[in-house]
Amino acid sequence: MKDFARLFTRIDQSTKTSVKVAALAEYFATAPDEDRLWTIALFSGRRPRRAVTTTRLREWAAEAAGYPLWLFEEAYPVVGDLAETIALFLPPGRSDSDRGLTHWINMLRGLSHVDEPARKAAVLAAWDELDTTSRFLFNKLITGGFRVGVSQKLMTRALAQATGRDEAELAHRLMGAWSPDDTTFHALIEADDPTTDASRPYPFCLAHGLDDAAQTLGAPEDWHAEWKWDGIRGQLILRDGDHFVWSRGEELMTDRFPELARAPDHLPPGTVIDGEILAWDGAAPLPFAALQKRIGRKTVPKSLLREAPVILQAYDLLEDGGRDIRALPFDERRARLDRLIAPLPQDAPLRLSPSLTFTTWQTLTDARATARDARAEGLMLKRRAGPYLAGRKKGEWWKWKLDPLTIDAVMIYAQAGHGRRANLYTDFTFAVWQGNDLVPFTKAYSGLTDAEFRKITTWVKKNTLQRFGPVRQVRPELVFEIAFEGIQQSPRHKSGVALRFPRMARWRHDKDLSQANTLDDLKEMLRLYG
Amino acid sequence: MTRDPVLTFTPHGIHCPAGDFHIDPWRPVPRALITHGHSDHARPGHGAYLATDLAAPVLRHRLGDIALETVAYGERRRIGGATVSFHPAGHVPGSAQIRVEVGGEVWVVSGDYKLEDDGLSTPFEPVRAHAFVTESTFGLPVFRWQKQAAIAAQINGWWRDCVASGSTPLLGAYALGKAQRLLSLLDPGIGPILTHGAVEATTQILRDQGLRLPATVPVTAAVKIADHPGALVLATPSAFGTPWARKFGPVSTGFASGWMQLRGVRRRRAADRGFVISDHADWDGLNTAIHETGAEKIFVTHGYTDIFTRWLRSRGLDAQVVPTEFAGETLDESAA
Chain A
26 MKDFARLFTR IDQSTKTSVK VAALAEYFAT APDEDRLWTI ALFSGRRPRR AVTTTRLREW
86 AAEAAGYPLW LFEEAYPVVG DLAETIALFL PPGRSDSDRG LTHWINMLRG LSHVDEPARK
146 AAVLAAWDEL DTTSRFLFNK LITGGFRVGV SQKLMTRALA QATGRDEAEL AHRLMGAWSP
206 DDTTFHALIE ADDPTTDASR PYPFCLAHGL DDAAQTLGAP EDWHAEWKWD GIRGQLILRD
266 GDHFVWSRGE ELMTDRFPEL ARAPDHLPPG TVIDGEILAW DGAAPLPFAA LQKRIGRKTV
326 PKSLLREAPV ILQAYDLLED GGRDIRALPF DERRARLDRL IAPLPQDAPL RLSPSLTFTT
386 WQTLTDARAT ARDARAEGLM LKRRAGPYLA GRKKGEWWKW KLDPLTIDAV MIYAQAGHGR
446 RANLYTDFTF AVWQGNDLVP FTKAYSGLTD AEFRKITTWV KKNTLQRFGP VRQVRPELVF
506 EIAFEGIQQS PRHKSGVALR FPRMARWRHD KDLSQANTLD DLKEMLRLYG
Chain B
31 MTRDPVLTFT PHGIHCPAGD FHIDPWRPVP RALITHGHSD HARPGHGAYL ATDLAAPVLR
91 HRLGDIALET VAYGERRRIG GATVSFHPAG HVPGSAQIRV EVGGEVWVVS GDYKLEDDGL
151 STPFEPVRAH AFVTESTFGL PVFRWQKQAA IAAQINGWWR DCVASGSTPL LGAYALGKAQ
211 RLLSLLDPGI GPILTHGAVE ATTQILRDQG LRLPATVPVT AAVKIADHPG ALVLATPSAF
271 GTPWARKFGP VSTGFASGWM QLRGVRRRRA ADRGFVISDH ADWDGLNTAI HETGAEKIFV
331 THGYTDIFTR WLRSRGLDAQ VVPTEFAGET LDESAA
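Residue numbers (this note's numbering), protein chains in the order written: chain A, 26 to 555; chain B, 31 to 366.
Just chain A, with the same shape it has in the complex (with noise of 0.2 Å):
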């Protein structure tokens, strides 16, 4: 664990992608393959199968720690990661063990076929043999969420260097559902035909804001352009005669859209389609709200499939007759894409993204200021003749959002934040006038600096009014412009409002408790635009 450790307390230590490069690109030209496998397993969201519960390691590192387990729970949220208060409130280890990353995993994975005692005096063993930064890392991978800095990019890009291989072809082989059990890093990284998994995704394709004026992009001929939807991006793989369905956070979601089941009698194997999974009532996309209540049921009822039924739809094609052509121009696969897509009937679970045309910026900026009513957020445009890269690159994928919506509301609970943000109120809810009456509305923890949540925080102490728990109920005077992207009607809110996205714009210094916006308002939005 030493050399894990290591590395790990390099990326930390630094603030500067080079440096976390470097590390990353030393360990993995020196690492032992098993340890470089679980290390680059890590660092792409994957870990060994959890064998304790959170529950049951906070009661361990109370006993062991000889303290009670209250004290425990008040010190986790002041630390904000469970592994890291774990790792600090016990005495110090004898850090004497010099067993590597790959035998503390399977050491865990033993954990699952042994009693529960024997569970414990494992834990145990390993905290006291290990030092303070090992400690915190075998911790993290009970508990999972290797967040260190690193992003699968930085990590690829190591790879990349300390292996000699292209970082495009790296990226398309750390995609899909691949285990450490079931590959070895000669397979995985360097075998030169891996034998490809048919559900094996590809790198996603990501786009920038576009803050710019769009004439600044060049001429209008060279882009193309069409609505941005708000629903969940997807990946379709037609191979072998199966389909699968992936998110863009890499998650297979095949079974959460049975709709989509349909798609292999339409379309040919070899086929793979980037686009928007939206709920849609025949004729338009259902607003988000209808598609969330699909998001995170793995099996979907009946009554659900016909309240909010789902389409894809389909905007790039990225295989076509099995052969990758992610490096064709734009327009060519979108031509592709326009042949396969546009015979297929209306029962079809899959329609095109349709195209706007446009001759002159000022007709695609008048178009943009559309956008809510044809149920978009905003335009996408995508150079003609790009190809489809990997990633988050500048100059072929912008995104060019409408303005959100806005409303002035006042503070009224704080609670501090996690992690990064422990030990800082960053936590916010904001309510509205009704009358004499302050009715919450929402909640919102982004869009402010560090240098104003520190302000924030030292204002929240002096200014508590009650504590419920970590929330504070605080004098209402700080007034915020809540910036969102949409609005719904919701049951389950006091308001009737529920906002999607909300964030605060700025901090309103210029604005007086009196001048917050009122109940009203918001239910004027909700008529315009819910």
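Among these hints, one or two may not hold up.
[What the hints assert, rightly or not] Okay, derived cross-link-like pairs now, DMTMM-like style, lysine to aspartate or glutamate, Cα gap no bigger than 25 Å in a straight line:
1. A/418 / A/502
2. B/327 / A/99
3. A/178 / A/154
4. A/424 / A/462
5. A/486 / B/336
6. A/27 / B/70
7. A/487 / B/191
8. A/468 / A/99
9. A/41 / B/191
10. B/177 / A/154
11. B/177 / B/146
12. A/327 / A/267
13. B/177 / A/267
14. A/480 / B/355
15. A/487 / B/135
16. B/177 / A/37
17. A/424 / A/502
18. A/480 / A/502
19. A/536 / A/510
20. A/486 / B/146
21. A/480 / B/70
22. B/177 / A/510
23. A/487 / B/355
24. A/486 / B/70
25. A/178 / A/58
26. B/177 / A/121
27. A/480 / B/336
Simulated from the structure, these hints should not be mistaken for lab results.
Starting from the known structure of chain A, arrange chain B on it as the hints suggest.
Frame of chain A; chain B shown alone:
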């Protein structure tokens, strides 16, 4: 008739009715006893000040022309019906716990304190008391400090790495106390030590009163980093990211604070390195200090007051939270 308690907690600060004085008050009062020179304890505007002779030069520097009387550690003073004395708190040079005795009952206000001997401050001395007023800045078991020699090795190792890679280490610390402690831990054999004006001013004052500190070069407009190869720059954190810091070329930033124990805080500061070193007692230090006073009544003034008070109660002590305007160790400049 019940007797007044030795100390009461008022909106102006901690008050002694028998002697009619305040300890570290946060609003102007006629007579203030000051534990140490940090700005959340030593504020301007009081009629008369009493502090240790070791704390006096910094107080005068920070508060200007004040009516300041000084005492030596352990020296007893009679104020009205109270007897007061100052005892080493080990927090920063000159810092004190203030012992107040009225009619045989002893209360001790500890201000800020740490138990480890930092080699500069007069080391903490436990004082027996009936009641003890304590901070709890780091009053959770997740805060345990390593010996300062181990931290010194980390800082000097970082300095050497920076020299080898051609960047300038920029180390942030409070101007009073932490900065001089770091100076005493730095290895001048690696290179010259440059200081920010705020750090240099306090350092010079402490040097003048006899503290042995390595030579430093104050950063003035005329100073060029190229003339000081291998230098480390010691500054207050507020100087980071300012035009002042730009003259050092590529820098590696480091913060020295007890808060650096927490990964979330380290990442939020976006410093390259965090060194876990504090002039406040860690969890074990707080518990040891409280135990050694023998006090049964504990008042917790700042820090994780609710949690620490509950912990002390579970140990059978009569503990309570008293609201104050002390800040403890903050990551901002305000309390430095």
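* Please work out if residue 487 of chain A and residue 355 of chain B have their alpha carbons no farther apart than 25 Å. => holds, 10 Å
* To do: With a cut-off of 25 Å on the C-alpha distance, tell me whether residue 536 of chain A and residue 510 of chain A pass.
  => holds, 23 Å
* Asked: Do the alpha carbons of residue 468 of chain A and residue 99 of chain A lie within 25 Å of each other, as the hint requires?
  -> holds, 24 Å
* Taking only the CA atoms, is the gap from residue 177 of chain B to residue 37 of chain A under or equal to 25 Å? -> Given that 25 Å is the threshold and the Cα spacing comes to 23 Å, the pair holds.
* To do: Assess, step by step, whether the Cα of residue 177 of chain B is no farther than 25 Å from the Cα of residue 267 of chain A, and give holds or violated.
  => Status violated; Cα separation ~62 Å.
* Below or equal to 25 Å on CA atoms is what counts here, so check residue 486 of chain A against residue 70 of chain B. => holds, 16 Å
* **Pair hint residue 487 of chain A and residue 191 of chain B, alpha-carbon separation not exceeding 25 Å** => violated, 42 Å
* To do: Quickly compare the C-alpha distance for residue 177 of chain B and residue 146 of chain B to 25 Å and report which way the hint goes.
  => holds, 8 Å
* Does the alpha-carbon distance linking residue 41 of chain A and residue 191 of chain B stay inside the 25 Å limit? -> holds, 15 Å
* Asked: Is the straight-line distance between the alpha-carbon of residue 177 of chain B and that of residue 154 of chain A 25 Å or less?
  -> holds, 21 Å
* **residue 487 of chain A paired with residue 135 of chain B [C-alpha distance capped at 25 Å]** => Distance ~33 Å between residue 487 of chain A and residue 135 of chain B Cα, so the pair is violated.
* Asked: Between residue 178 of chain A and residue 154 of chain A, does the CA-CA distance stay at or below 25 Å?
  -> With Cα atoms ~33 Å apart, residue 178 of chain A and residue 154 of chain A exceed 25 Å; violated.
Violated hints for the displayed structure, listed by number in ascending order: 1, 3, 4, 6, 7, 13, 15, 17, 20 and 22.
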